[in-house]
Amino acid sequence: MTTDACRLTIADARDLLRRRELSAVELTRACLERIRAVEPRLNSFITVCEPEALAQARDADRRLAAGEASALCGIPLAIKDIYATKGIRTTCASRILENFVPTYDATVIARLRAEGAIFVGKANLDEFAMGSSTENSAFGPTRNPYDLERVAGGSSGGSAAAVSADECLGSLGTDTGGSIREPAAFCGVVGIKPTYSRVSRFGVIAYASSLDQVGPFGKTVRDAAVLMRSLAGSDPADSTCSTRPVPDYEQALSGEVKGLRIGVPKEFFVEGMQPEVEEAVRAALESYESMGAAIIEVSLPHTDYAIAAYYLIATAEASANLERYDGIRYGLRTETDNLLDLYRKSRARGFGAEVKRRIMLGTFALSTGYYDAYYLKAQKVRTLIKRDFEQAFEGCDLIVTPTAPTTAFKLGEKMADPLQMYLSDIFTISVNLAGLPGMALPCGYDGKGMPIGLQLIGPAFGEEVVLRAGDAYERSGAVARRPAAV
Amino acid sequence: MDTGNKINLEQVRHIALLARLELTPDEERRMLGDLEEMLQYVDKLNQLDTSAVEPTAQVGEIGASMREDAVTNPSAPDSILANAPAASEQMFKVPKIIE
Chain A
72 MTTDACRLTI ADARDLLRRR ELSAVELTRA CLERIRAVEP RLNSFITVCE PEALAQARDA
132 DRRLAAGEAS ALCGIPLAIK DIYATKGIRT TCASRILENF VPTYDATVIA RLRAEGAIFV
192 GKANLDEFAM GSSTENSAFG PTRNPYDLER VAGGSSGGSA AAVSADECLG SLGTDTGGSI
252 REPAAFCGVV GIKPTYSRVS RFGVIAYASS LDQVGPFGKT VRDAAVLMRS LAGSDPADST
312 CSTRPVPDYE QALSGEVKGL RIGVPKEFFV EGMQPEVEEA VRAALESYES MGAAIIEVSL
372 PHTDYAIAAY YLIATAEASA NLERYDGIRY GLRTETDNLL DLYRKSRARG FGAEVKRRIM
432 LGTFALSTGY YDAYYLKAQK VRTLIKRDFE QAFEGCDLIV TPTAPTTAFK LGEKMADPLQ
492 MYLSDIFTIS VNLAGLPGMA LPCGYDGKGM PIGLQLIGPA FGEEVVLRAG DAYERSGAVA
552 RRPAAV
Chain B
14 MDTGNKINLE QVRHIALLAR LELTPDEERR MLGDLEEMLQ YVDKLNQLDT SAVEPTAQVG
74 EIGASMREDA VTNPSAPDSI LANAPAASEQ MFKVPKIIE
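Residue numbers (our numbering), protein chains in the order written: chain A, 72 to 557; chain B, 14 to 112.
The hints are simulated quantities; they were obtained by calculation from the structure and are not laboratory data. Check before you lean on any hint, since a few could be wrong.
Said to hold, decoys possible - Stretches of chain B that chain A covers, calculated by requiring three or more beta carbons in the stretch to come under 8 Å of a beta carbon on chain A: (1) 22-31; (2) 34-43; (3) 63-74; (4) 82-93; (5) 96-110.
Unchecked claim - Here are the computed lysine-lysine pairs in the BS3-like style, where the Cα-Cα straight-line distance is at most 30 Å: (6) A/Lys451 - A/Lys329; (7) A/Lys337 - A/Lys451; (8) A/Lys416 - B/Lys57; (9) B/Lys19 - B/Lys57; (10) A/Lys519 - A/Lys337; (11) A/Lys451 - A/Lys481; (12) B/Lys19 - A/Lys451; (13) B/Lys57 - A/Lys457; (14) A/Lys337 - B/Lys57; (15) A/Lys157 - A/Lys337; (16) A/Lys337 - A/Lys485; (17) A/Lys457 - A/Lys337; (18) B/Lys57 - A/Lys485; (19) A/Lys416 - A/Lys485; (20) B/Lys106 - A/Lys457; (21) B/Lys57 - A/Lys451; (22) A/Lys519 - A/Lys485; (23) A/Lys416 - B/Lys106; (24) A/Lys485 - B/Lys109; (25) B/Lys19 - A/Lys157; (26) B/Lys109 - A/Lys416; (27) A/Lys157 - A/Lys416.
C-beta atoms are modelled at their ideal positions from N, C-alpha and C, and glycine is treated no differently.
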């Protein structure tokens, strides 16, 4: 039992822990053993927190023995290394924060701690969450558990791979343009980007503040729902966080989709998409139809402009957010005799190529004489993209699309061409611009055995319908899950 | 549609100074090429008439999180300064800024 315990879902482990048929220490040790076995090949983690995790597990066992039963007590999780974790190094996969040790916990980390969750490690990512493959990490790329020659996706590639390879039971990521959903699709797991403002971001290192959102990865939709319940909710430390009450997402998993109106945007089935991806998504739509849902064609006419708008808005916000890395209060510093050179040299040495590229584009888009033509223009196009979704949701309850146009690509394949890399987020980015909830879940495998991801998009605060539809599809057994080969 | 150059090397150097980034000559040239390509790509936004469209700066719901501006976390100068690349007593050290 215990050696395979790392393969459990959160829902199953929760029952075994409560019945005391499995201890949190046994479960945590199983994950740590699995990490030791596969990390040399995968590189899902920047920091493995073995002693801290075992201490948390012993504490969780005490609480479980006392009959405490908070949902995540004793559950080992991986945390994207973008969340501030008190006393545990938090790098954001950047040399500039290589030795940064936060003095406080992010709000969601504090919440998970209070529930008795266990943090097995800090997961790898693209530096400052800027990327779609985790190849931009200063600590080396994460490899795909289904094929070590391929990327895990990004930017939350470590969080996705760690769940896919059973190094943990669930994990946290962040999603600014697809950074949870694309790696979830590439690694064959479930990942949710909640509605903008549904989850606190206090203590989460900022990339593009009007787009960033916190969300979970799980092996199943149910596990993602369990994690969402613990993550969501207002926070006095984050004024951008909604005070709306948090539903019991697990309760929403009725298995029922009869009468659900599913919108399929015609603009999302574009030339250049891998044929197997389109076939798998079409087959998923047929499954929904056979379960009693109605499939309706909808239109999101400004889809083709989303990436252009995104890269102006996101880089502009990033250029401002990353001003704080100046080599004074924390982070890497290059000593010189004047302050300007200290800033310029420290940042030059601390940031990687993609981060520099985005800071430069964003600074340009905000600079005198260009603000209206680029940044303001992009914000206006954002309005059009948001309206497209509002109009589409007048005629449907849920939108279903592919998550990415292809399955996981090879390491190095897109590194020479930033624009090609950006285009891997073509189906996810508009969801961030509109601030809507989106979930990726497995809907098949291509001829090489690589997972294909379905994307379910809900109206604002429509996490329940997204989870209900995802769970119904998963439970229908339309796709037999294949474990990762690693 | 405008197909002329969007940016030149001099502008790249000016932007790098604004962004407080020291770029090597090689990086400057690569940056010029990358920015040129990105700016050509985002030019497609000009196909859309947005003269009557309001910009969107923020989505979602802003929480009713107005609260007392009271300090709730304990003062921890030692652990904060532990992250500083250069500190002295209870201060961050910087190079001399006044001649």
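How the hints compare with the structure:
| no. | hint | result |
| --- | --- | --- |
| 1 | 22-31 | holds (count 6) |
| 2 | 34-43 | holds (count 4) |
| 3 | 63-74 | holds (count 10) |
| 4 | 82-93 | holds (count 4) |
| 5 | 96-110 | holds (count 9) |
| 6 | A/Lys451 - A/Lys329 | violated (38 Å) |
| 7 | A/Lys337 - A/Lys451 | holds (23 Å) |
| 8 | A/Lys416 - B/Lys57 | violated (35 Å) |
| 9 | B/Lys19 - B/Lys57 | holds (13 Å) |
| 10 | A/Lys519 - A/Lys337 | holds (27 Å) |
| 11 | A/Lys451 - A/Lys481 | violated (36 Å) |
| 12 | B/Lys19 - A/Lys451 | holds (21 Å) |
| 13 | B/Lys57 - A/Lys457 | holds (18 Å) |
| 14 | A/Lys337 - B/Lys57 | holds (20 Å) |
| 15 | A/Lys157 - A/Lys337 | violated (46 Å) |
| 16 | A/Lys337 - A/Lys485 | holds (27 Å) |
| 17 | A/Lys457 - A/Lys337 | holds (17 Å) |
| 18 | B/Lys57 - A/Lys485 | holds (22 Å) |
| 19 | A/Lys416 - A/Lys485 | holds (28 Å) |
| 20 | B/Lys106 - A/Lys457 | violated (47 Å) |
| 21 | B/Lys57 - A/Lys451 | holds (13 Å) |
| 22 | A/Lys519 - A/Lys485 | holds (19 Å) |
| 23 | A/Lys416 - B/Lys106 | holds (17 Å) |
| 24 | A/Lys485 - B/Lys109 | violated (44 Å) |
| 25 | B/Lys19 - A/Lys157 | violated (45 Å) |
| 26 | B/Lys109 - A/Lys416 | holds (17 Å) |
| 27 | A/Lys157 - A/Lys416 | holds (29 Å) |
When the structure is compared with the earlier hints, violations turn up for hints 6, 8, 11, 15, 20, 24, 25 and for no others.
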